[in-house]
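A.B. asks: Each chain, written out:
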Amino acid sequence: MSHPSTYVPGSAFERFLDKRLPIIRMGADFMDFPTPKNLNYWYTFGGILSLFLVIQIATGVVLAMHYTPHVDFAFWSVEHIMRDVNYGDLLRYTHSNGASMFFIAVYLHMFRGLYYGSFKEPREVLWILGVIIFVLMMATAFMGYVLPWGQMSYWGATVITSLFSAIPVVGDSIKTLLWGGFSVDNPTLNRFFALHFLLPFAIAGMVVLHIWALHVPGNTNPTGVEIKSKKDTIPFHPYYTVKDGFAIILFLIMFAVFVFYMPNVLGHADNYIEANPMVTPAHIVPEWYFLPFYAMLRAVTFDIFFIDAKLGGVLVMFGSILLLFVLPWLDRSKVRSMRYRPAAKIFFIVFVFNALWLGWLGGKPAEQPFIWQAQIATAYYFIYFLIILPLLSVLETPKELPKSISEAVLAKKKKQVEQASAAQPAE
Amino acid sequence: MMMKKPLIMKLALALLLPVSLLAMPAALAAGGGTKKVKDIEWSFEGPFGEYDKAAVQRGFQVYKQVCASCHSLKFVAFRHLGQEGGPFYVKKCPAGFPDNIDCSNPMENPAVKAIAAEYEITDGPDDSGDMFKRPGIPADYFPSPYPNDKIAIMANGVVPPDLSLMAKARSGGPDYIYSLLTGYEEVADYVQLDPGVYYNPYFPGDLSSAIKPEFLDEEGHLKDGLHVPLGGVLKMKAPLMDNMIEYADETIPATVDQYARDVAEFLMWTAEPRLESRKETGLIVLIYLIIFGGIVYASYRQLWSKVD
Ligand code: HEM
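Chain order of the listed sequences is H and L. Using this note's numbering, the letters of the first sequence correspond one by one to residues 1 to 427. Using this note's numbering, the letters of the second sequence correspond one by one to residues 1001 to 1308.
If you are wondering where the hints come from, they were derived from the structure by calculation, not from laboratory data. Be careful, since some hints might not be right.
[To be verified] Not everything, but these chain L residues come out facing chain H in the computed CB check (under 10 Å):
#1 LYS1036
#2 HIS1080
#3 TYR1146
#4 SER1277
For every residue, glycine included, the Cβ atom is placed at its ideal position computed from N, Cα and C.
Looking at chain H on its own, in the form it has when it is part of the complex (with noise of 0.2 Å):
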């Protein structure tokens, strides 16, 4: 890609393909590709992120083979796969907590984002891909979710299409379409399998646009300072395959934890009542991983000039995500990692506390305190990227900058080697 290639041919029929598919040396480009040398573990989220995309698609094509998608089935379906289809209840299970796996390592692979600066120049269409593969994502969740038929897939899937029908003049039409009718019934099911089997392989197309604009200006790393010479970097293969496969193991170890031994607790006990459209249940709370939006949308409680209550709601939580989008001409400091940003620092960690306190506030019943806790916790969302983030791109003083990767990597071991030695002689 955009390094230059060291890939030799050794065969005849690899010379005779590099000539007309080079798609060997692609593969050997990609093994090859120089990485900064000091990636932490936070850099290891995306490998974990592939590996799950493969892991829910082979799982779901599996479970879409025994599954049935009509409102008398669904959820007699799903329990066939629980109790006769071999290994069905494993697989099950690992597509739904997969989903969430999904989730952590999308929050953990955007706060690493978030935090190094990673979406800004000259990766800014990274993120912006990146920011459409997150959303895919949640749409495909979102319709996964509603497949079981039980009580809240569907009163989920009431609850989050009825919005639409806050947004002027198409809103109706546009909730009609999602729901095939004038409710969510047969016909909703039906597309909302059609389209979960189908987004998934979107996101895959998505993901392969996002590596390829990450091997155009390589990684981010640690310091935010860029590779500078050829001391700077190693090859991908076999560094960062065998620590990126460390990590794998141990986010799959904790992915096990859940699906054989608490396969259930991240969801909720009503999605294993068949969904009932004459008894609401007493709270409708989405998967864990929408209750921080969840929580933006339910604090406007209040009318803002023309803008009703409800259409403010769903204003605030899609903007929360569109956001994202702007991002990189939103936060203007020519320092990417905030490890140099003692300010940004703590407007960063007070942020990921707040998104933690949003989804805490999302599963609570929509009454006070609750409800003011919520309007402040969004507040300091929007303020976070619309105010602060500008603010300091002007106002910080950054910490002085390491030369190079090297010089950062030498002064860590240096450090390390000066304190063990004066650790020695107190022993």
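Starting from the known structure of chain H, arrange chain L with the ligand on it as the hints suggest.
C.D. replies: For chain L with the ligand alone, kept in the frame of chain H given last:
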């Protein structure tokens, strides 16, 4: 120029403070409207937990003799009882069975066949177009007590929920089922109950509108020292009574407590029939991942020791 940084830092730190303070009253505000479920030590809990097969069998007896008159079990087939992990599964036939019968196959398991045959299944239509009744076979599912929802409502006021997944469909699971069945009590005398409903402190509900008027002050609040009882009312009368079921094993107490425990264990099995094989697979997967992880970590350390 030098002034800027400390000011921003102060601002940032000032922001941390209210955030941490705000989170506190919220944490205190949480509270539930029902009594906390009793935490039972179940044999199937924990990473190595397995079903107590005798308890599941007894629980099946409780279901069959008591609950089945109102509650369906529609996701469970008789053959499931004889599958691995099920209460009537056997590896080998008892002595005296012909060689060509494989009792580990639920379709041939004699206990399962006998249980199924006790039920009457509606089948058909036959060649002359009539529905007919026949004894059950292992492939049949547990028949529902009522032919349709309307009759169920006529008899109970509501449709008694299907019990197949009950242990996963309520928070608290089997602890909740046990607590509900053993938790019925007299409601405080200042609460007025409608006929046909029964008070249970574990059942979600709100009794604040059921307080007798003479116990309310002018503003509609409860008088001094009284509080709205926890829980709510449901349309199921306490279904269990001491000595109502005869267990084959006479050393097992014939009490409501024991029946409730057993039936909750049975319902956990109906909800999660593959729990044992799932945990067994999990153990192998975890051992594999941990060993593999160790090897990968060692090669990672070795490889990276040369990077400077
Ligand atoms: C981006 C990747 C994917 C995500 C995040 C995802 C997410 C989900 C979620 C959250 C559920 C509900 C699970 C439950 O509570 O039971 C689900 C169900 C389902 N998914 Fe996916 N999925 C993905 C990919 C796929 C693919 C590629 C297919 C098929 C080709 C698929 C087929 C199914 C089927 C048939 C169900 C219903 C069965 C069930 O509920 O377990 N999924 N998915």
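A.B. asks: Each hint should be assessed against the structure and marked as holding or not.
C.D. replies: Hint by hint, here is what the structure shows:
1. Violation of the interface hint for L/LYS1036 is found here, the shortest Cβ-Cβ separation to chain H being roughly 16 Å, above the 10 Å cut-off.
2. Hint on L/HIS1080 holds. Least Cβ distance to chain H is approximately 7 Å, under the 10 Å limit.
3. A distance limit of 10 Å between C-beta atoms decides the matter here; for L/TYR1146 the minimum to chain H is near 17 Å, and the interface restraint is violated.
4. Hint status for L/SER1277 relative to chain H: holds, with the closest Cβ pair at about 8 Å, below 10 Å.
The structure is inconsistent with the numbered hints 1, 3, although it conforms to all the rest.
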